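Engineer: One letter stands for each residue in the lines below.
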Amino acid sequence: MKKSITLMVLVALALSACATPTATEAPKATAAPAATTAPVATEAPKATAAPTTPALRTKANPGEKITLYHYGDVTGPYAAITAPLVSGFDDAVKALNAKGGIRGAQVAVEWSDTGGKLENAISTYNRFREKKPLILFMYGSTETEGLKDRLAEDKIPNLTFGVSGPGSYPPGWVFAGVPIYSDQFGLFLDWLTANWAKVKPAKGQNLDAPRVAVVTWDTAYGRGALTPETQAYADKKGVKIVSKEFFADDANSCRKESRSKRDLHQHPRARPGANSQGLGLARCARRVPHRRQQLGAGSFDARAGGSRLRRFLWSPPEPVVG
Amino acid sequence: MALRLAGDFDTSYGHDMAVIRTRGQWLMTLVFLVALFALPFFAGSGVLGTLNLIGISIIVVHGLNLLVGYTGQISLGQAAFMSVGAYTSAVLVKNGVSFWLALPTAGFVAGMVGLLFGLPALRIKGFYLAMATLSAQFIIPWFFRNVREDIFGGMPGLRVPPPELGGIIFNSQQTMYFPIMGVVVLCTIVAKNIARTRLGRAFVAIRDSDLAAEVLGIHGFTYKLRAFFLSAFYAGLAGSLWAHYARSINPEQFSLLNSVWYLGMVIVGGMGSALGPILGATFIRLLEETTIQFSPLLGKIFPEVQAGLLAGLGPLLFGLVLMLFLVFEPRGLAHRWELLKAAWRLRPFAH
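If you read the protein sequences in the order shown, they are chains A and B. Residue numbers for the first sequence follow our numbering, beginning at 1 and rising by one. Residue numbers for the second sequence follow our numbering, beginning at 323 and rising by one.
Next up, chain B with everything else stripped away, as it sits in the complex (with noise of 0.2 Å):
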């Protein structure tokens, strides 16, 4: 129903544009989004906390996906630009400003950072853009720890109220599982369409050759920078709903270890995909959640051996999983996806 039979051909260049094309696919998509959004009716805090989890890496991610996966830019300061945004809307809400407003301010003041951070782009490229961009992962926790304790709060941070709309306080899973899928399900039209517009097929044409893009006429230098700004406006807006969900942030949570992590969810997804960061993300997260639980078993299991040497099996796990993915599907999870989608579509034929 939701594949695309022979003989069902577009008929104009608006259908053809189209991301969803047949009644099939409007129809499934209106039932995601309508469970997506009656899951907190059901689900218990335990799931939704996850889901929560999970949203807030995918917005992350998506952005990254736009800078590494199509930009082919490499960036390791993405979680630094998610303290720019999560600081930013803490100190607004503070300061009386609505959460609403500052959930878009923490973004842009994000994108503006993360502009910044990608001047070096001129110049360099690959392991040494890279090396560049890590200079914000020391730079901007170093800032929000030692400049203006008295608004940043220092080492210890700062507590941040929960939002509110219209007498309503989002301070549980199901309350704060609205404004995060919200945004997922936003940032993810915004990072599928983006892909198919001139903006993102000159990220394309940079990724693939930079030299080449610029004969064609695509001025690098400044869309190199958009994908900078597009990136840390994404990491800022998870940033705003991070520290509103958390309502406890210190530099302490936006670590490199954080960055690497959601570089590690853009390979695992399947760079280059808008389907890439949702895959990725929610394997990753719930590869360490079955890991963190999956400890305590071993313990109930082997009682005689220390709690510590269990615990340490969990990243050791976690660790051979996903070397092992790498090796097999280098391509990432999106891949798999196209792989299965096209099987189904030629069964009972292999090819």
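Looking at chain A on its own, in the form it has when it is part of the complex (with noise of 0.2 Å):
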């Protein structure tokens, strides 16, 4: 009987818990726009039809100071790729005090790792989120999809360097600060079928368009450029993908995902190492015959893989950054 009762207690004590905050939190929720809806254009009607609109500034009030906030993978999987982007943005920020910063008013940073986890990237966003931030900086394809409804509902624009289809689109209060990986793909595949004549292997003088191998992580971030919208677009121009190569972020397997064993071995072929990552990259890379015939890099640079992946990749002809 009596645990019953306490089982009771329990219940209501939980339930009214969970009813009590409806009143309190119920603007919140019911102001959280789905990703779907564009805050950014609803809003635009007001900044021109406002006449309440404050005036820009020109000038900074004497000590003001604009604090900037950053995070990313800088203990993680990502960490190649993501520390020298933190310590870069520290870089710019002095160069940017130097000048005299925004308008007088001083830069500051604030910065965290997320080891590449979404709990961390979570936690870091509530911690920022109470500081009132003027705009976040993120880094991560993961963490732009985790937090981009977060970040509509809260309306804190978020300029992302993590720029899969997903976090991108519908549009909403994330901004890409590069091109979408799948349109990064495309640009290379534009250049490429421009440039063929020019760039085409001795080997493969006897082809028309080229064919290309992609090898990539076996992840959000790796296979962000492998969306259907960029087959189609290949196809489109007449660009054959013969092979998929990924490897696990822990560098240490390879898996393949080819068309043909025949598509491999009888044509040379352009290959972009989409987001490298050192051994797991160049191992993958050796499993690509004629391998070469290096064209393009990723989004970002190859020099996690070092000399190793260099003298795999960049021997003749020199690479050409798509």
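Simulated from the structure, these hints should not be mistaken for lab results. Treat each hint with caution, since some may be false.
[Unchecked claim] Just a few of them, taken from the derived set where beta-carbon distance is under 10 Å, the chain A residues facing chain B: (1) T75; (2) V107; (3) W111; (4) T114; (5) I122; (6) D190; (7) D218; (8) A220; (9) G222.
[Claimed, not checked] To give an idea of the interface, some chain A residues facing chain B are shown, with a C-beta separation under 8 Å as derived from the structure: (10) Q106; (11) A108; (12) D113; (13) N120; (14) N126; (15) R129; (16) E145; (17) G146; (18) T219.
[Said to hold, decoys possible] Distance ranges between label pairs, derived from CB positions: (19) S457/B to A232/A: 34 to 42 Å; (20) S457/B to A95/A: 45 to 53 Å; (21) R57/A to G489/B: 40 to 48 Å; (22) S420/B to P170/A: 20 to 28 Å; (23) L159/A to I623/B: 25 to 33 Å; (24) L638/B to K131/A: 25 to 33 Å; (25) H541/B to Q231/A: 36 to 44 Å; (26) L638/B to A95/A: 27 to 35 Å; (27) K131/A to L423/B: 33 to 41 Å.
Bear in mind that the values here come from a model prediction, so they are computed numbers and not experimental data. Glycine included, C-beta positions come from ideal geometry on N, C-alpha and C.
Got two chains here, each in a separate frame; can you build the complex from them with the hints?
Structural biologist: Structure representation (structure tokens):
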């Protein structure tokens, strides 16, 4: 009997606790726009029609400070990419402050490491959100995708460099700092087809159209460029994607998804080494026949591979970054 | 007040078996529960976000503790079972099923998958079983990454809507706190009581000596399977809550490293104790939070050092603290808590 009463009390307590915040939380919940709505677009008319819009200040108040918040994976699987970006961010801010800051206001930076984990990204976001940031900066696709709805609900603009399709579309409060991955791949295909006569490998002189193999991480980030849209675009441009090589983020494995073995061995190919990570990329690259026909590198650099990777990929001819 | 004084005897079997025995303990429990559920009205979203993550970890670790701590079976696939719950719940809710129904279903489906991967426990144990459960950590993410991308979203994963109840959308740290903590409280009560039932005692018997347990009439294989089911069930519940809390899931989020950390939480908290998972998950999560916040602070103190190098100090500190902890308190924080309670009872005497 006592157990039943205890259980009932606990359930009642939990339900009452659940019910109470309705009044206080309701505005937040109802105000939350769906990810499909574009808050930027809806607010635009306000700016043009509202006479009450405060005038833009041309000069900062004395001692005014603008804090920029950024966070990314500095110790996890993407550290090779993100850590230099964090350092570069600091350098850029130092240079900006040396020139007088933003209209006289000095710029401060707060950053945090996520270790490549979404739970850390959410936790950091909660912490930064309480400081009412003007803008946030992020570097990871997973983080961007995971926080996209929260950013829209909290109306915090976010400049991201983890530019996967699901993180960027439909538009919201996430803004891409560089073209999204599928666009980058499309641009590479544009360049490749336009310059095919010039960069055609010696063994592929009989080919009218390039054939491409993709070597990338087996992660959401790595696969960011391999969308149905890019496949359709490659088909439209007459470029055949003959092989997709995926390596795990621990850089110890390599998995193949090729269209046919015949395709791989009969024709030389150009290969965009998308989003490289040292050893894993080198191992996968080793499996692609005619590997010295490297034409494109990923959206970021391939430095992580060091000399070992460069020996594989950047033997003559010299690479051309797509 | 909360401790039993000399001369306070049990007068019935019910009283003897009760988890909460004195009025003082009842009062403290009620105050704690009221404080727990009143917290969102006072705390900021940063604190609540951390508590939500701790809460989800506690549920997973409770499950793992039933398997590892009570039954003595090793599992390295807890994160994979969590992913089964997360995907089950996400797919169900996206197809119109209520979250409140999807939550237990996710637990059940994860439990069944856990049962499947527990089958090798019939023949193997120890490190061999660990390797067998490790296969779950490879097979299950592969499944979600490559099979039926139209349903599971492939590598990019799925976007998951927040739970709803009577017009309330649970889309903030404050609102999500209630379902998460509600499940934490229920799971803790169940975990505590499982250990006190015939089932729990059979688990402990198998852990201590499976041969002796068989001689006593305990069918080891079925009980081991039950432990695997319960462990994965808990993971499935946590996975469902995580999916709707994070609102975006992909196979990357349920890595082998996560499984190892959950195992670490069980060890740090104290195996075979209902309090252990709470202490272990809280300790490790807070340690991680602290190191994350500590690194940028170091950057301010030593601005000439590269940011990446300083960030590396975080995991270094993390590993160091864990190592020291395991050397000096291998029986876990729960044991330390018991020692503290005993010292308080016996004061001013040492023994």
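Engineer: Against this structure, judge whether each hint is valid.
Structural biologist: Hint check:
1. T75: For T75/A, the interface hint holds, since the closest Cβ of chain B sits about 5 Å away, which is under 10 Å.
2. V107: Cβ of V107/A sits 15 Å from chain B, so the hint is violated.
3. W111: holds (6 Å)
4. T114: It holds, given that the least Cβ distance between T114/A and chain B is near 8 Å, below 10 Å.
5. I122: This hint holds: I122/A lies near chain B, its Cβ roughly 6 Å from the closest one there, short of 10 Å.
6. D190: With Cβ-Cβ at 24 Å, over 10 Å, it is violated.
7. D218: holds (7 Å)
8. A220: Hint holds; A220/A Cβ to chain B Cβ min 5 Å, cut 10 Å.
9. G222: With a closest approach of 8 Å, the G222/A hint holds.
10. Q106: The hint is violated - Q106/A has no Cβ within 8 Å of chain B, the shortest such distance being about 15 Å.
11. A108: Status violated, d = 10 Å.
12. D113: holds (4 Å)
13. N120: holds (6 Å)
14. N126: holds (4 Å)
15. R129: holds (6 Å)
16. E145: holds (5 Å)
17. G146: Holds - the Cβ of G146/A comes within 8 Å of chain B, reaching about 4 Å at its closest.
18. T219: holds (6 Å)
19. S457/B to A232/A: 34 to 42 Å: Given about 37 Å between the Cβ atoms, the range holds.
20. S457/B to A95/A: 45 to 53 Å: holds (52 Å)
21. R57/A to G489/B: 40 to 48 Å: 42 Å Cβ-Cβ, so the 40 to 48 Å window holds.
22. S420/B to P170/A: 20 to 28 Å: holds (25 Å)
23. L159/A to I623/B: 25 to 33 Å: Given a distance of about 28 Å, which is inside 25 to 33 Å, the answer is holds.
24. L638/B to K131/A: 25 to 33 Å: holds (27 Å)
25. H541/B to Q231/A: 36 to 44 Å: Violated: the Cβ-Cβ distance is about 54 Å, outside 36 to 44 Å.
26. L638/B to A95/A: 27 to 35 Å: holds (30 Å)
27. K131/A to L423/B: 33 to 41 Å: holds (38 Å)
The earlier numbered hints that this structure contradicts are 2, 6, 10, 11, 25.
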